[in-house]
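Chemist: Sequence:
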Amino acid sequence: MSLTPADPAAANHCCERRGRQHGLEGATAFNSAGKVASRLVAGCRDYLSALAQVNLSNEPSQVSLLWALWYIKCCGGNRRMCSTFNGAQERKFENGAMTVCERLLQLLEGRVEFNAQACALQQDENGVVVGVFDGRDLTILQADYVIMTIPPPLQLKIHYEPPLSPLRNQLIQRTPVGSAFKMNIYYPKPFWREAGYGGIASCADDSLAFNITTDDCRPGFSLAALTIFAIGDKALRLQELPKQVRPKVIAADLARAFEHEAAYNPVHFEEKNWLEEQYSGGCYVSTFPTGVMSKYGKTLREPFGRVYFAGTETATAWPGYMNGAVQAGERAAREVLCAMKILRKDEIWEEEPEFKGVKARPFEMSFLERHPPHVLLVGATGAVAASSVACVVGYCVWKAVTAMRSS
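Heads up, the sequence shown is in UniProt numbering, so the first residue is 1 and it goes up one at a time.
Don't take every hint at face value.
The list that follows gives simulated cross-link-like pairs (lysine to any residue, SDA-like), each with its CA atoms no further than 25 Å apart [what the hints assert, rightly or not]:
1) Lys-359 - Gly-329
2) Lys-272 - Asn-184
3) Lys-182 - Arg-91
4) Lys-182 - Gln-89
5) Lys-272 - Arg-256
6) Lys-298 - Lys-359
7) Lys-182 - Pro-163
Ranges of calculated distance between the beta carbons of each label pair, as one might list FRET restraints [said to hold, decoys possible]:
8) Arg-103 - Lys-295: 38 to 48 Å
9) Trp-349 - Gly-110: 25 to 35 Å
10) Ala-143 - Lys-345: 17 to 27 Å
11) Thr-84 - Val-129: 44 to 54 Å
12) Pro-303 - Gly-196: 23 to 33 Å
13) Asp-124 - Met-98: 15 to 25 Å
14) Cys-44 - Ala-317: 25 to 35 Å
15) Ala-339 - Leu-236: 11 to 21 Å
16) Arg-103 - Asp-205: 18 to 28 Å
17) Lys-92 - Pro-247: 42 to 52 Å
18) Gly-110 - Lys-157: 20 to 30 Å
Simulated from the structure, these hints should not be mistaken for laboratory data. Beta carbons: idealized from backbone N, C-alpha and C, even for Gly.
Using the sequences and the hints given, assemble the complete structure.
Modeler: What follows is the structure, given as structure tokens:
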């Protein structure tokens, strides 16, 4: 059975079960894959670490192999997820992503409540009552149904009556949001381009304070910029430094990475420490440690009475991205419409249409990418090669000994 986006735990060869069979005490199946692969290809372990850090916003020891494979598959594959051109990083919003929220706010015509925390939710067969606290007063809202889109661990901040199901209650305790620190550093000129670099620098080990940089130069903007991410353990270490020290540390590491003295002299620095955000808990997405997806994952989208769950974590296409948030929101809305007898059950799941302006083009794959060698095949090939060499050496020795005896 193959891994399916809607039900990854149903995979016949569950990665997490295999990890436990090998007695991985305190390690993850994701880490074990790195150990096996590193015997075959030098640097594979670093690649897997970078993959977990940059794309999954956590250390490889903190994420499940099953969840990682599900996440990558839902995003169209690792190459699609990591690529700039024809990939996840290809496009930006003009005037920033906040424009989307501002346009939605205009459409909703003042029906959005700001600075209002949902702190209690009570439901029965007649409807749902939600308690909202703005820091001074408690407001009671009534509805027929609720769609909850906040990250799973933040759902713990709400009091439920009746209580959540046991599995749901356990799930949201076990899906921490990733650790990410985002920075933009500005220079008079793009010195990295002058040095022949594209602006991308990646570091999986601890030699640099960041994980990855990307060129963020924009048309019509007078300054050149790099966007920098510190993720996982690096984010934890960086946020411990004094705020005035962080720009100097980043600038010094950029000078090392791009081998250019101009990196020491930025003209401006912006940072966002997502770890300190009370109402996100981190960035970019809730992650699943080993065993969570297979044991508790079935409750991820399972309705709780009149409460339906959306949010990018529940998407089956591009989870962790805005695309996934849109897909999940529309799916949850159709679930509510089904509960209201407006839609049929078979109308809940609809494939998100591709945006005609930015179509995903197929990647050209090499022969080895289409037909990767199997671990056992590589091992068998190595054994055959070693045996062949031994036979040749043995034959040469036998010939030499025979010639000496004859003479």
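Chemist: Next, verify each hint and record whether it holds.
Modeler: Hint check results:
The hinted pair formed by Lys-359 and Gly-329 meets the criterion: a straight-line CA distance of about 22 Å does not exceed 25 Å. For the hint linking Lys-272 to Asn-184, the alpha-carbon distance of about 9 Å falls within 25 Å, and the restraint holds. Of the supplied pair hints, the one linking Lys-182 and Arg-91 holds, its CA atoms being roughly 18 Å apart against a limit of 25 Å. Distance check on the hinted pair: Lys-182 and Gln-89 sit about 15 Å apart at the alpha-carbon level, within 25 Å; holds.
With a C-alpha separation of about 23 Å, the suggested pairing of Lys-272 with Arg-256 holds against the 25 Å cut-off. Pair hint Lys-298 plus Lys-359 does not hold up; C-alpha atoms about 32 Å apart against a cutoff of 25 Å. Of the supplied pair hints, the one linking Lys-182 and Pro-163 is violated, its CA atoms being roughly 37 Å apart against a limit of 25 Å. Hint check: Arg-103 to Lys-295, Cβ distance near 40 Å, so the stated range 38 to 48 Å holds.
Taking 25 to 35 Å as the suggested C-beta distance range, the pair Trp-349 and Gly-110 conforms, at roughly 33 Å. At about 22 Å, the CB distance of Ala-143 to Lys-345 agrees with the hint of 17 to 27 Å. For the hinted restraint 44 to 54 Å between Thr-84 and Val-129, the CB-CB distance of approximately 47 Å keeps it satisfied. Between Pro-303 and Gly-196, the C-beta spacing of about 55 Å breaks the proposed range 23 to 33 Å.
Restraint check, Asp-124 to Met-98: a C-beta distance of roughly 38 Å breaks the suggested window 15 to 25 Å. Range check, Cys-44 to Ala-317: about 28 Å between beta-carbon atoms, so the 25 to 35 Å window is met. Between Ala-339 and Leu-236 the beta carbon distance is about 42 Å. The supplied range of 11 to 21 Å is therefore violated. Remark: the range hint 18 to 28 Å for Arg-103 to Asp-205 is contradicted by a beta-carbon distance near 42 Å.
In this structure the supplied range 42 to 52 Å is violated for Lys-92 paired with Pro-247, their Cβ-Cβ distance being about 24 Å. Hint check: Gly-110 to Lys-157, Cβ distance near 26 Å, so the stated range 20 to 30 Å holds.
In the structure shown, a violation is registered for the earlier hints numbered 6, 7, 12, 13, 15, 16 and 17, in ascending order.
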